[in-house]
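Input sequences plus hints: build the corresponding full structure.
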Amino acid sequence: MEKLLTNDIVKQKYANYEFFKENGVENYPADFKKDAMIEDVLKKYDSLGDEDKSEEQLWLAGRLVSKRGHGKTMFGHIEDFSGKIQFYIRKDEVGEDVFKFFKKFDIGDFIGVKGFFFRTKTKELTIRVQEFKLVSKSIQPMPEKFHGLKDVELRYRRRYVDLIANPEVKNTFITRSKIISLIREFMTKKDFLEVETPMMHPIAGGAAARPFVTHHNTLDMDLYLRIAPELYLKRLIVGGFEKVFEINRNFRNEGISIKHNPEFTMMEVYQAYADYKDMMELTEDIFNHVAKELTGSLEYEYQGEKISFKKPFARMTIVESIEKHAGIKIGEEMDAEDIFEIAKGKGIDDADRKMSRGELINLIFEERVEEKLIQPTFIYKYPAEISPLSKNSPEDPRYVDRFEIFVYGREMGNAFSELNDPFDQQERFMNQINKRDGGDEEAHRMDEDYILALQYGMPNAGGLGIGIDRMVMLFTDSPSIRDVILFPTLRKTSE
RNA sequence: GGACCAUUAGCUCAGCUGGCAGAGCAACUGACUCUUAAUCAGUGGGUCGAAGGUUCGAUUCCUUCAUGGUCUACCA
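Take 1 as the starting number for the first sequence in the UniProt record's numbering and just add one per residue.
Don't read these hints as lab results, they were simulated from the structure.
Worth double-checking, as some hints may not be accurate.
Said to hold, decoys possible - The list that follows gives simulated cross-link-like pairs (lysine-lysine, DSS-like), each with its CA atoms no further than 27 Å apart:
id : residue 1 : residue 2
1  : Lys34     : Lys123
2  : Lys435    : Lys354
3  : Lys44     : Lys121
4  : Lys43     : Lys190
5  : Lys11     : Lys103
6  : Lys84     : Lys67
7  : Lys123    : Lys84
8  : Lys114    : Lys145
9  : Lys310    : Lys190
10 : Lys133    : Lys34
11 : Lys178    : Lys44
12 : Lys11     : Lys21
Structure, rendered in structure tokens:
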């Protein structure tokens, strides 16, 4: 307990806790119930006249967020999840002995108040307190009421304080929840079945990334936190499910940035008897639907840029996009050597003579095009070398039937016609293994059981992944992914 | 991983060229029966992120470390 009483404000509040305790007031009662949400009351009495008062008295409850004492009366506000209401209490109405207790309430305490409703001189609907109860004593000081809590580190480490102090933070997470509900509803309405596949994988597959390792004691086996659910969801397509999706966490043991958190939320979708073009339409519909349902508008402003989710979104092949946005023409007849020379000539220093044709195309795209794709844009026909789970384009096997969607220069989703040929898949895994042996820690691993699954036969299918956090960033105008994750990954503190 | 920036009261922030640590809000005491960033009078509150170094003297200059942020690299 001594450890908790770290400063004067805490000590003073603790003294009030003791005052209540000594006077028979329970600091943390178990049985408090309220009658209504504040917002509902404000709505209900919206038309209450200036001179009127309500007949009914209700118990409201919330955190005491401000108080203004005036000797024998006091004004203040309490806030619950739905909103804030002013209260007014008079010593001559509740009695001197009782008023004394009310004055001991600290800002931050959860309190319940019962009373009728009236309008003050300034027309604010106010609850006139007749009875009150302490619901939960708070002994920590609240952040400043005017500036809120700005210290970014404190905001993330003590998100609960951030939520108390900064109302827009609460709204962001309410919107996040709405977006996920909207997507879920939309998918369910389209007859996709929501499933859950393992978070702990014996082989981390389905993406190019380094995994987190953990250990199962009884099985005495290392397990990897999943980097993607992809290979499990496709096993379900083998098993006869035709339309499935999963919204859940992925874990990648990589750097942290404004766009990356080690655990992040993805939706993956698989649909049998469909291809990447169907996924393109689905993606467009999802973004369009979420945009429309959230605010009724298809226009959003993100970090000062107007973004329109009006259909159809722009579509171009990766090669076309390079010509359009980077002014670099890549002829179909060109080989890796030719493209390497062009890349070097255009000052792309990361270009390496050892890179394949597809890797070079992808590099040019990432270096010169990606950041220019502000409006929702589908980039399709990706190089085969960087897409080991994707079906080749029938017209040109150097490419695969794959697209990524970009908004504000960021990859928001990735989709392709799923490779269902077990022999081809095995060969691609072998190529990835070679890359691993060559030192690429992020190359895909061989998954024999997945190959076995494909040998049972999987219908042609389209698959799609959408980064939910990034989508939420877009719709909430949040600059950092940490603004849309309640408890982002941080270093532990030394204490 | 690399570069740069930040860290001062519970919160938001000042603090000049090195010379006794400051404000507003919050808190405490008192006054106040319609206030709302209430008002008025008064009071308390600091390991200046940590450890070293330079100096007569360090919040200030230097080094190392910690945490966070931005950019960058890897990635979605």
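Right, here's what the structure says about each hint:
1. Of the pairs offered as hints, the one joining Lys34 and Lys123 holds, with about 25 Å between alpha carbons and a cut-off of 27 Å not exceeded.
2. A hinted pair counts as satisfied when its Cα atoms are at most 27 Å apart, and Lys435 with Lys354 qualifies at roughly 12 Å.
3. Between Lys44 and Lys121 the CA atoms are separated by roughly 20 Å; this keeps the pair inside 27 Å, and the hint holds.
4. For the suggested pair Lys43 and Lys190, the alpha carbons sit about 36 Å apart, so the restraint of at most 27 Å is broken.
5. At most 27 Å may separate the alpha-carbon atoms for a hinted pair to count; Lys11 and Lys103 meet this at roughly 17 Å.
6. As the CA atoms of Lys84 and Lys67 are separated by approximately 13 Å, the hinted pair is consistent with the 27 Å bound.
7. Distance check on the hinted pair: Lys123 and Lys84 sit about 15 Å apart at the alpha-carbon level, within 27 Å; holds.
8. At most 27 Å may separate the alpha-carbon atoms for a hinted pair to count; Lys114 and Lys145 meet this at roughly 25 Å.
9. This hinted pair checks out: Lys310 and Lys190 have alpha carbons roughly 21 Å apart, not beyond 27 Å.
10. Taking the CA atoms of Lys133 and Lys34, the gap is near 11 Å; set against the 27 Å cutoff, the hint holds.
11. For the suggested pair Lys178 and Lys44, the alpha carbons sit about 25 Å apart, so the restraint of at most 27 Å is met.
12. With a C-alpha separation of about 15 Å, the suggested pair Lys11 and Lys21 falls inside the 27 Å cut-off, and the hint holds.
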